[in-house]
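Given next are the chains, with one letter for each unit.
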Amino acid sequence: MQTPTPALERSFTEFTSLLAHLPNAHVDTDQIIPARFLTTTQRAGLGKFCFNDWRYAADGSERADFVLHQPAFRGAGILLAGHNFGCGSSREHAPWALLDFGIRVVIATEIADIFRSNALKNGLLAIVVDAAAEAQLKQHVGQSLSIDLQACEIRGLASGAIAFTLDQFARECMLRGVDQLGYLLGESALIDAFEAQRAA
Amino acid sequence: MRTIVEKIWDAHQVRAETAAVPAMLYVDLHLIHEVTSPQAFAELRARALAVRRPERTLATMDHSTPTVQNPDGTPRYHDAATREQVETLQRNCAEFGIELHGFGSDYHGIVHVIGPELGATQPGMTIVCGDSHTATHGAFGALAFGIGTTEVGHVLATQSLLQRRPKTFAIHVDAELSEQVSAKDLILHIIGQIGVDGGTGHVLEFRGSAVRALDMEARMTLCNMSIEAGARAGLVAPDEVTFAWLRERPMAPRGAAFDAACLRWAALATDEGAHYDKEIRIDARKVKPTLTWGTNPAQVVAIDERVPAHEGNQRAEQALRYMRFQAGRTLVGERVDVVFIGSCTNSRLSDLRSAAEVLRGRRVAANVRMLVVPGSAMIKREAEALGLDQVFKLAGAEWREPGCSMCIAMNGDLVAPGQLAVSTSNRNFEGRQGPGARTVLASPRTAAACAVAGRIVDVTQLSMEAA
Numbered sequence: 000m001q002t003p004t005p006a007l008e009r010s011f012t013e014f015t016s017l018l019a020h021l022p023n024a025h026v027d028t029d030q031i032i033p034a035r036f037l038t039t040t041q042r043a044g045l046g047k048f049c050f051n052d053w054r055y056a057a058d059g060s061e062r063a064d065f066v067l068h069q070p071a072f073r074g075a076g077i078l079l080a081g082h083n084f085g086c087g088s089s090r091e092h093a094p095w096a097l098l099d100f101g102i103r104v105v106i107a108t109e110i111a112d113i114f115r116s117n118a119l120k121n122g123l124l125a126i127v128v129d130a131a132a133e134a135q136l137k138q139h140v141g142q143s144l145s146i147d148l149q150a151c152e153i154r155g156l157a158s159g160a161i162a163f164t165l166d167q168f169a170r171e172c173m174l175r176g177v178d179q180l181g182y183l184l185g186e187s188a189l190i191d192a193f194e195a196q197r198a199a
Numbered sequence: 000m001r002t003i004v005e006k007i008w009d010a011h012q013v014r015a016e017t018a019a020v021p022a023m024l025y026v027d028l029h030l031i032h033e034v035t036s037p038q039a040f041a042e043l044r045a046r047a048l049a050v051r052r053p054e055r056t057l058a059t060m061d062h063s064t065p066t067v068q069n070p071d072g073t074p075r076y077h078d079a080a081t082r083e084q085v086e087t088l089q090r091n092c093a094e095f096g097i098e099l100h101g102f103g104s105d106y107h108g109i110v111h112v113i114g115p116e117l118g119a120t121q122p123g124m125t126i127v128c129g130d131s132h133t134a135t136h137g138a139f140g141a142l143a144f145g146i147g148t149t150e151v152g153h154v155l156a157t158q159s160l161l162q163r164r165p166k167t168f169a170i171h172v173d174a175e176l177s178e179q180v181s182a183k184d185l186i187l188h189i190i191g192q193i194g195v196d197g198g199t200g201h202v203l204e205f206r207g208s209a210v211r212a213l214d215m216e217a218r219m220t221l222c223n224m225s226i227e228a229g230a231r232a233g234l235v236a237p238d239e240v241t242f243a244w245l246r247e248r249p250m251a252p253r254g255a256a257f258d259a260a261c262l263r264w265a266a267l268a269t270d271e272g273a274h275y276d277k278e279i280r281i282d283a284r285k286v287k288p289t290l291t292w293g294t295n296p297a298q299v300v301a302i303d304e305r306v307p308a309h310e311g312n313q314r315a316e317q318a319l320r321y322m323r324f325q326a327g328r329t330l331v332g333e334r335v336d337v338v339f340i341g342s343c344t345n346s347r348l349s350d351l352r353s354a355a356e357v358l359r360g361r362r363v364a365a366n367v368r369m370l371v372v373p374g375s376a377m378i379k380r381e382a383e384a385l386g387l388d389q390v391f392k393l394a395g396a397e398w399r400e401p402g403c404s405m406c407i408a409m410n411g412d413l414v415a416p417g418q419l420a421v422s423t424s425n426r427n428f429e430g431r432q433g434p435g436a437r438t439v440l441a442s443p444r445t446a447a448a449c450a451v452a453g454r455i456v457d458v459t460q461l462s463m464e465a466a
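Those protein sequences? They're chains A and B, same order as listed. First residue of the first sequence? That's 0 in numbering that gives the first Met the number 0, and the numbers climb one at a time after it. First residue of the second sequence? That's 0 in numbering that gives the first Met the number 0, and the numbers climb one at a time after it.
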C-alpha cells in the first residue's frame, strides 16, 4: 500500500540569494538556538530565537557586532559557515530556526552528522565543500549566488561554478519536495517481512 | 571478519543500501522524551498514523522537568511552557499506547539512565532517541545513536530509519587508569586528542585493557560523550561485566533465555583482524584528572597542565575571552561559584559515591552553590539507602529529584551570567548552563573537590589533606 506523500513546504530546484559569512568554527546547535527556547511543542516561529545569544544583548537590543547584522548580510539566504557547523545537540529546532530566520542553504567544509541529516529532511540544503571552494566563496561574501540542485552547482562566482555532491536520496527528496516518511511507509511490506523472519 | 558495528548493522538491515537509497535499518528500542517528540506525534496525528511498535518504545520525561517539588510531592514547574511540554508527552503516550515512566514511577529518570536500569538496553540492539547522548547505551554493545524529531516520527510510524552505513574508529586504551582518574577524565582526554569533529561519520569502538577494566557505569560515561567528538555513536563490546550487570534486570531475559542471550551477545565482539577505518592508541597511565578550559569539550587540559596559547586561533581566543581564563596558566585556583553533580554522563550511583567520598566530613565552601541531581528515582532510592544524601546535605549541597537539570538548564536550574560552574555534565558550550554561564567539565571527584575548596583544585592533592 502506497501512502500518499505530503509535499515538504517547498521543493528545492534552484535558489538565488545573498551569501552571508559566519566564519566561526564548530558552531554548536546551542548557539543556533539555546536550549531554553526548546520548551515549545511547535516547530514554527523559531526564527526569532536563531543565534539568540549572539544576536541580542541582555536588554533585548540587537547587537551591532553580530556578524549577520552587517548591512551586506541582511536578507541573506545562503550561509557560508565555519568548519563543523551544527555540532552538539541533535535538536531539530536548529534547522527549523535557521529556515524561519531565512536561511535556505548552509555551506561549510564540514557539517556535523545529525545537524546535516536534520537539515536535509526539512528542505535546508547542507552542502560540504573543500577548502579551495571555501576560499573561492569567501571572495563573494555579500554577493548574490545561485544554487542549482539539479546540476549540483554553486553559480555566480567569477572563477566559475563550484560543483558539489549530495546524498542521492536526500537530493531526490528535496528536488521533488517529498519527505522520507512516505517512502518508508511505502516499504512497509519489507518491514513486515523483516519482523516475521526475526520472530521465526 | 567484521567489527561489532558491522555485525549489528548487518543484523538490522531491512534492506541494504544502494547508491540511490540509504539502508533501511530496523530499530529495536526507541526511547522518547518530552522535548524532541511532540512535533513527531503531531505529524503522526496529521497523517492518521499509529505507532507501529509501542512495545519497542519507552518514554520518560527528563529534560525540562523540575528537580524540586511542592509540599504535596507534586513537581514544582519552572513555568507554564515546561508543564505543557510534559503534559503533552503524557497525553501522547496515553493516546498512542506507549509506556511512560513518569513522575511517581519507580523508574522515572534521565532517559539514558533508565534504559540500562530497566534492562531495556541490551547488547546487539539498535537503539535510537531524539537526543545526541544516546550513545550512552553503547556501553552494552548496542548500536545507539541520536536522531532528530523528523526521524523520531519515522521510527514511531515504521520502526525503521533510512541510514548510510557509518565508518568505524577504534580507540585502543592500553594499560589501566590510575587511581583517582575516572572514565570522565579518560573521555575528556580522548576528545582532546581527536578533536570535537574527530569522530564525524564514524562509530567509536572503545577497546583495550583499560576499557575492559571499567565497570558498566564507567563505560556508560565513556560512550556517553562520543557525540562530543562528533561521532555518530560509541560502543564497547559486551563481556562478563556487561552480562553480570544485566542479570535480573526487569526487562532482561530470565533463566535459560538469559544464558542463551549471553552466548549470542558474546559473539558480537569484533573479529580478530577486522578492519577499522581509523584507529588511535591511548596510554591510560598518562591520563590525569582532566578539565575543559574552553567552550567545547575538546578544549581540555590535565589539572597540572597550562592552558595552551593559541595565537591567531580565533575560536580558541574567543573561548578564552568567554571563559575569562588566560593561556599559559593552569586552571588551579580559579574561583568557583557553582558545582553540579548530575546529567546522563555522571549521575549514577558510582558517580554519587565518588563525589560523596570526597565530601564526607567536609563542607562545601561558602562561595559555592552545589547541586546533586541523581539520574533516576532508583538511583535516588539507592543513594538514600546508603546515606549519601545525608553526606551531601551535611556538606551543604542541595539534594534534588532526578532529571537533566543544570546540564541543559531548561527547568530553571541554571548558572547565573558570568558565574563559573564546575560540572560533571557533557557540554561546556557558551550559555549551555544559562546565558553567560562559564562551564568547566570535570569528573565527579574533581567537581566535589572544587566544591570543598571553593576554587579549582587537584583532587589528588586534596585527598592527602586530613578530612
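Simulated from the structure, these hints should not be mistaken for laboratory data. Computed from a prediction, not measured in an experiment: that's the story for all the values here. Backbone N, C-alpha and C fix where the C-beta goes; we use that ideal spot for every residue, glycine too. You may find that some hints are simply not true.
As the list claims (entries may be wrong) - Across the chosen pairs, the derived CB separations fall in these ranges:
hint	chain 1	residue 1	chain 2	residue 2	range
1	B	A326	A	A198	26 to 36 Å
2	B	P249	A	A150	16 to 26 Å
3	B	E239	A	L189	56 to 66 Å
Unchecked claim - Listing some non-contacts, in silico: residues in chain A with all C-beta distances to chain B over 10 Å:
hint	residue
4	T40
5	G74
6	K120
7	A162
To be verified - Quick partial rundown of chain B residues pointing at chain A, CB under 10 Å, derived from the structure:
hint	residue
8	A41
9	D130
10	G200
Against the structure, the hints come out as follows:
1. A326(B) <-> A198(A): 26 to 36 Å: violated, 60 Å
2. P249(B) <-> A150(A): 16 to 26 Å: The hint (16 to 26 Å, Cβ to Cβ) is violated, given that P249(B) and A150(A) are roughly 56 Å apart.
3. E239(B) <-> L189(A): 56 to 66 Å: For E239(B) and L189(A) the Cβ distance comes to about 37 Å; the hint is violated.
4. T40: violated, 4 Å
5. G74: holds, 26 Å
6. K120: violated, 4 Å
7. A162: holds, 17 Å
8. A41: Hint holds; A41(B) Cβ to chain A Cβ min 8 Å, cut 10 Å.
9. D130: holds, 6 Å
10. G200: holds, 6 Å
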